[in-house]
Amino acid sequence: MKVEVESRPSYGMAVVTLNKGETFISESGAMVAMSSGLSVDTKFNGTGDGSFMGKMKAILVGMARKFLAGESLFVNHFDATQDGQQVMLAPSLVGDVEKLRMTEGRKVTVQATSYLASGKNIDVSLVWGGFSMLFGGEGAFFLECTGKGPLLINSFGAIEKIEVTGGYIVDTGHVVGWEGDLEYKIRKAGGWKSTLLSGEGLVLEFTGTGTLWLQTRNLGSFLRWITPQLPN
Amino acid sequence: MQIQVHHRPSYALAEVLLEAEETVVAEGGAMVSQDTHVTLTTSASGDKKGGMMKGLMKGLKRALAGESFFQNRFTANGAPGHVTFAPTMQGDIVVHEMTQSTVMLQSTAYLCGSPDIVLDTKWGGAKTFFGGEGLIMLKASGSGLLAFNSFGAIKEIEVDGEFIVDTGHIVAFEDGLTFKVTKFGGGWKSFIFGGEGLVCSFSGKGKLWIQTRNAAGFGQLLGSQLPPRD
Amino acid sequence: MHHEIKNKPDFASLHLFLEQGEQVVTESGAMMGMSTSLKMETNMKGGLLGAAKRALGGESLFLNTYTAEAEKQRLDVAPSTPGDIVHLPMTGAGVMVQSGSYLCCTPGVTVDSKWGGAKSFFGGEGLFMLKCTGEGDMWISSYGAIHPIDVQGTYVVDTSHIVAFDETLTFKVRSVGGMKSLFFSSEGLVCEFSGHGRLWIQTRNAPALAGFLHPFRRVKSKSN
Chain X
1 MKVEVESRPS YGMAVVTLNK GETFISESGA MVAMSSGLSV DTKFNGTGDG
51 SFMGKMKAIL VGMARKFLAG ESLFVNHFDA TQDGQQVMLA PSLVGDVEKL
101 RMTEGRKVTV QATSYLASGK NIDVSLVWGG FSMLFGGEGA FFLECTGKGP
151 LLINSFGAIE KIEVTGGYIV DTGHVVGWEG DLEYKIRKAG GWKSTLLSGE
201 GLVLEFTGTG TLWLQTRNLG SFLRWITPQL PN
Chain R
1 MQIQVHHRPS YALAEVLLEA EETVVAEGGA MVSQDTHVTL TTSASGDKKG
51 GMMKGLMKGL KRALAGESFF QNRFTANGAP GHVTFAPTMQ GDIVVHEMTQ
101 STVMLQSTAY LCGSPDIVLD TKWGGAKTFF GGEGLIMLKA SGSGLLAFNS
151 FGAIKEIEVD GEFIVDTGHI VAFEDGLTFK VTKFGGGWKS FIFGGEGLVC
201 SFSGKGKLWI QTRNAAGFGQ LLGSQLPPRD
Chain D
1 MHHEIKNKPD FASLHLFLEQ GEQVVTESGA MMGMSTSLKM ETNMKGGLLG
51 AAKRALGGES LFLNTYTAEA EKQRLDVAPS TPGDIVHLPM TGAGVMVQSG
101 SYLCCTPGVT VDSKWGGAKS FFGGEGLFML KCTGEGDMWI SSYGAIHPID
151 VQGTYVVDTS HIVAFDETLT FKVRSVGGMK SLFFSSEGLV CEFSGHGRLW
201 IQTRNAPALA GFLHPFRRVK SKSN
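For the record, the sequence lines run as chains X, R and D.
For the first sequence, this note's numbering assigns the number 1 to the initial residue and increments by one for each residue that follows.
For the second sequence, this note's numbering assigns the number 1 to the initial residue and increments by one for each residue that follows.
For the third sequence, this note's numbering assigns the number 1 to the initial residue and increments by one for each residue that follows.
Just so you know, the hints here were simulated from the structure itself, not pulled from any lab data.
None of the values given here were measured: they were computed from a predicted structure.
Treat each hint with caution, since some may be false.
[To be verified] DEER-style ranges, computed between Cβ atoms:
#, chain 1, residue 1, chain 2, residue 2, range
1, R, R229, X, E183, 54 to 62 Å
2, R, K205, D, T154, 32 to 40 Å
3, R, E19, D, D112, 20 to 28 Å
4, D, K39, R, T23, 56 to 64 Å
5, D, A93, R, A79, 26 to 34 Å
6, X, K185, D, K172, 49 to 57 Å
[As the list claims (entries may be wrong)] When the alpha-carbon atoms are kept at most 30 Å apart in a straight line, the in silico DSSO-like pairs for lysine-lysine are as follows:
#, chain 1, residue 1, chain 2, residue 2
7, R, K205, X, K2
8, X, K161, D, K8
9, X, K120, X, K148
10, R, K183, X, K20
Where a beta carbon is used, it is the ideal one built from N, C-alpha and C, also for glycine.
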């Protein structure tokens, strides 16, 4: 199996080459092009050995459906019936795609909308981030990814990697994911006046040591920018 | 005429360099900037043989294709001049040299080109690709330069055998390829839930240009989060 | 303070590194990330009237001032629009900046929305041109890539593609080609620049994107 990412950072697309018997899993709607020797099966959010929702209570599954409106709960399994089969995968939003090599013991947490695709031995579980996260406006669901093999994440904008040593504050709409020994706390950007007027809203304050992946655009700000220009 | 493309692949801009009295034809609304002595005349005709009525009909057909009604003609008067064009969506531009050849082009991909290139919206396969989404495949024939654009980056693929592409990611392909439009995954479950809709299976030998983003998918994702309209 | 612009022109991000006591002003909502000893204050720059005028311009009402309260503070800034960022060193001469393109500046730069030609550029779009003067640094953003043009004589630009221009250029806004062309040609207003100076244009325009997205919006339900 070979996984390469092209057209970074503006229109990242993953090109996956599979040999006979190998499988790759992607979110639905991500297929750009593929060789004819791949068989496709569509499954209800199953990755690895479990489903996205495996660890969640039923009541939260209902909320997940509502808040993940942009994220389908179906995934496509691509199985190669011959050697040298290619599948090209891309997200709907414009921006970057990053490949992470997952190994035993590594855990990466990403925004729910940032999952693009992964190898068969990657486990992805949907995690509820807590009610305070809802008011960040960006959705309160994260995906915890573990296992072995390739994991592909996408962003709105380019991905910037920041090494945190001590602390760092991030606008919630710019978070793609993180790993390491990091704790986070959601809080207002400044005092109440600042929160209302500054346009910053809520921020995540990370403390500890680890890696943060940020995206250089914020979907909420982008929508607020284009909305006054829409015809009526 | 020369066409230079800047800022690939993210927000490509086509800069057309015209000799004195030379004309370039472009889709309506694409002009960004120009030398002052380049004059704009608007013509509904993409075909220099047609009269006014025939030209209007071609324009109407292009409107149905999702491409702007009219094409604009820009001519450098009295001296060489330049004019720049940009497409609606962010993405790439490719300039393809045609020599009495034919290229099929997704309707919103047409940007600009030599006046000797004729666009046809009525050929047999025009409507098969996009399932009534308002897009069709244009047939561009003739000689000269043709600039087409994409949503996302453009990737050129040399097809030799068989290759399958989600129809929303097709930008253009050479006439020599045969194609068949089918449902994704071959079964109803994948067609409905797989998120892809229609795919096109190309066979033979020839060039295919695909784009790394799908405008309808992008539009739907954002549209669902924008305030509703009347 | 030193700065770095990354991911140009795709989704450009501005990274500022401030020493203790240094300040920078940004449009509201532009903060992506920051070190923990940066103090953020929100002000209506230019007084209430100035702020209100900026609001009409499509630029947000408020500006944020960040002050470094310790050494080596980092501020990551990102605009709302997919596109580019360019650094303009300000040395006293004025630069006109499209209101949606103002991103960030040092406190010595003055941003004025009240000057004479401010509203003549954009028809009904609610955008106008800000006049920026003073000394220091300014950063502007765009929708699309920023394409610089050295005007020597005259040059014509579709107004929705203007990002900024030197105040040494004179300008005249007109409709393109005459009546027939305006109706059919899909080009609206153009600006004819003359003189010698720099002009920055953007390679995409917002009205075209808005037009593309409009049909994808949900339709309001008729029942109340």
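Status of each hint after checking the structure:
1. Judged by the Cβ atoms, the range 54 to 62 Å given for R229/R and E183/X is violated: they are separated by roughly 43 Å.
2. One distance hint, 32 to 40 Å for the beta-carbon pair K205/R and T154/D, is violated here, with the actual separation near 50 Å.
3. Checked against the hint of 20 to 28 Å, the pair E19/R and D112/D fails, with Cβ atoms roughly 44 Å apart.
4. The given range of 56 to 64 Å is respected by K39/D and T23/R, whose C-beta atoms sit roughly 59 Å from each other.
5. Between A93/D and A79/R the beta carbon distance is about 31 Å. The supplied range of 26 to 34 Å therefore holds.
6. A hinted range of 49 to 57 Å holds for the C-beta pair K185/X and K172/D, which are about 55 Å apart.
7. Taking the CA atoms of K205/R and K2/X, the gap is near 25 Å; set against the 30 Å cutoff, the hint holds.
8. Restraint check for K161/X and K8/D: satisfied, since their Cα atoms lie roughly 16 Å apart, inside the 30 Å limit.
9. Note on K120/X and K148/X: the hinted pairing holds, with a Cα-Cα distance of about 9 Å set against a maximum of 30 Å.
10. For the hint linking K183/R to K20/X, the alpha-carbon distance of about 24 Å falls within 30 Å, and the restraint holds.
When each numbered hint is compared with the structure, violations occur for hints 1, 2, 3.
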